[in-house]
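K.L.:
The residues making up each chain are set out below.
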Amino acid sequence: MRRGTANGSMAGIHKRTRTGRISRIEQEHARTVWKKYLFIIVLAAVLIIGSCVIITLGQVPITITDVYSTLFDKFVPGVFSIEDEMAHVIWQIRVPLILGAIVSGFGLGICGCVMQAVLKNPLASPFTLGISAGAQLGISIGAVLGVTILGGPYFLIGNAFICALLCSGVIIALSSLKGATSETLILAGVALMYLFQAANQLLSYVATDEQRTLMTLWGMGSLADLNWLSIGFLLAVSALCLPLLYSKAWDLNLMTVGDDSAKSMGVDANRVRVFIMVVSSLLVSAIVAFIGVIGFIGLVAPHICRMLIGSDHRYLIPAAGGVGAALLLIANAIAMNLLGGEVVPTGIIMSVIGVPFFLYLILKGKRKEYWS
Amino acid sequence: MIIKLSINGLRFRYDSREILHDFCLDIGDGQIVSIVGPNGSGKSTLIKCIDQLLIPDSGEILVDRQDVTKMDRMDLARTIAYVPQNSLRVFPNSVFDVVLMGRRPYLGWKGGDRDELVVWEMLGLLGLEEMALSSFTELSGGQQQKVLIARALAQETGVILLDEPTSNLDIWHQIDVMEIIRDLVKKRNLTAIVAIHDLNMAARYSDTLVMMKRGAIIAAGKPDSVMTAENLERVYGIRANVRITEDVPYVIPLARLIPKADSGIRSTVSPGLYGNNSRAQRTAARNGLRPGKSPSSGKVG
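Protein chains in written order, with my numbering: chain A, 1 to 372; chain B, 1 to 301.
The hints are simulated quantities; they were obtained by calculation from the structure and are not laboratory data.
Treat the hints with care, since some could be wrong.
[As the list claims (entries may be wrong)] Here are the in silico distance ranges between beta carbons for each label pair:
#: 1; chain 1: A; residue 1: 351; chain 2: B; residue 2: 133; range: 32 to 40 Å
#: 2; chain 1: B; residue 1: 247; chain 2: A; residue 2: 173; range: 38 to 46 Å
#: 3; chain 1: A; residue 1: 364; chain 2: B; residue 2: 2; range: 52 to 60 Å
#: 4; chain 1: B; residue 1: 70; chain 2: A; residue 2: 176; range: 52 to 60 Å
#: 5; chain 1: A; residue 1: 191; chain 2: B; residue 2: 67; range: 40 to 48 Å
No residue lacks a Cβ here, since even glycine has one placed at the ideal position from N, Cα and C.
Use the sequences and the hints to build the structure in full.
P.N.:
Next comes the structure, spelled out in structure tokens:
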């Protein structure tokens with residue numbers, strides 16, 4: 001492509017300067033914006049294609065034709081003859097798993113992204129503020145002491161959700177006393193995390209083997225407990241939280257350059273920080289309560305996207321969500337199918353495939369002074 | 001002369017220590033005003049109080065007769081721009097995105113075409129167009145400072161505050177940045193308030209020089225009337241030669257004067273210097289200034 005000409009060939013994305021000419025650098029800038037859109041479109045395509053492939057995989061062998069005729073039957077009944085068992089496997093196990101992986105991964109990626117921005121810390125993740133430790137304590141209390149908030153099959157999940165919320169609430173309230181700077185939030189979070197971990201270990205010490213197994217399994221992270229009801233709940237919380245987080249995209253851009261600069265450009269840094277922490281803690285607590293600790297996504301998904309499309313949160317937030325969803329979807333598919341009949345906890349697979357990939361990106365990435 | 005910025009009775013306390021004590025200053029339109037003074041004299045605190053990054057305990061700050069202490073942040077960001085000493089660089093941003101941040105006070109959610117035009121204009125003004133897509137973190141210190149100035153210009157305010165814009169820069173870039181500020185002040189009729197350590201740079205490029213010590217003004221006015229050996233001795237505790245070349249004073253430092261440990265005052269230093277603020281202000285009064293009030297409005301036009 002010829003560069004530096006007044007009439008570029010990429011019609012439609014050009015803006016004219018006052019002199020009527022479009023400079024080469026402006027063309028290049030327009031092109032980088034298009035690349036960001038393209039990245040998000042590719043991510044969406046990966047998610048759709050991935051889902052279409054993954055739904056045909058599973059422990060119960062079902063042919064590809066059968067899978068799709070079963071799916072089709074739901075919308076236009078009576079065209080194919082469908083076995084009830086097959087319909088059950090697909091509609092009650094595989095589809096919820098895929099949907100759950102996408103919804104959870106999307107939420108975790110975005111929460112990690114916004115938390116890193118408001119805490120101005122590349123190591124922040126939804127778990128920095130002790131949310132996982134709080135949720136784990138809720139599980140332990142339910143399993144060991146039998147104290148539950150919700151009855152029935154959701155007693156553990158209810159405990160995890162409420163304890164995670166309480167934990168992050170205490171941390172945000174504590175740091176608000178000192179003006180809610182990123183330092184006080186991180187320090188209060190790390191301190192309380194140790195406190196909750198100690199309480200966990202105490203409970204684990206007095207637990208029976210059976211109780212301890214329950215606690216350990218939850219800690220590994222698994223999507224196997226997701227069903228339509230829990231996905232409905234996650235979708236509802238996401239529908240509430242994600243637009244709120246995205247509406248602050250501009251303010252997040254400014255907050256990454258420091259509180260004083262953000263304030264001088266019209267952003268009330270401390271108020272935005274508390275807002276983001278409250279909303280993202282709510283979403284993370286809901287996700288973690290259902291799928292356990294798969295914290296790695298929240299840490300790496302935003303970094304992968306920053307390396308590829310930069311730090312503008314208007315594009316970064318959806319991209320981080322998409323990468324988070326794709327990672328969790330793929331990791332979960334591997335976890336379900338790796339050992340034939342045996343399901344490996346997704347959290348383990350996530351780390352095993354995610355860490356080397358992330359290290360590769362750090363070493364090969366062109367941004368040398370990433371953490372300067 | 002039109003008064004652009006007027007500070008009246010500004011007080012700021014930090015941990016019960018008074019940093020700014022009944023501070024008063026009037027600044028005219030279209031000027032570069034440099035604030036000089038030793039470490040801890042309150043220069044940066046003053047700059048941050050003006051932009052409400054620190055909230056003063058009392059006093060009013062008027063820009064075009066509007067009290068900024070009563071504005072919300074968005075209005076304030078359309079009135080006063082602030083150029084920090086350096087920028088936090090945790091995450092990579094392109095130069096274009098950094099300058100676009102300055103449009104935040106005007107933006108709806110989506111960046112409009114006009115905002116992008118303003119960004120290109122400011123980048124062009126500072127000769128940064130070619131590096132619009134470079135990563136901010138990869139630029140040299142001088143270029144980063146220029147990007148931050150472009151960002152402040154994108155806010156399209158009448159007043160621009162600069163906190164130590166030349167520290168960490170080599171001499172070429174120091175002059176470059178100061179010349180840019182001077183050109184911008186003339187071309188766009190800005191009022192620039194610069195906290196700065198380098199006395200020679202301050203004297204060379206300022207219309208008005210304000211010399212501070214312990215949160216109060218010791219001397220203010222045209223550089224040649226403020227940058228005197230006596231004032232330097234009083235404010236900095238140094239002995240220095242001040243020469244005038246091409247109507248601009250420049251300082252040749254000779255020696256420091258060591259205050260005695262007990263009373264804190266050495267005989268060669270005029271009394272009142274190491275005392276409290278009211279004594280410092282009396283010193284200013286003896287020097288022919290109204291206490292705490294800058295004579296800049298009278299002297300400089």
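K.L.:
So which hints don't hold here, by number, going up?
P.N.:
2, 4
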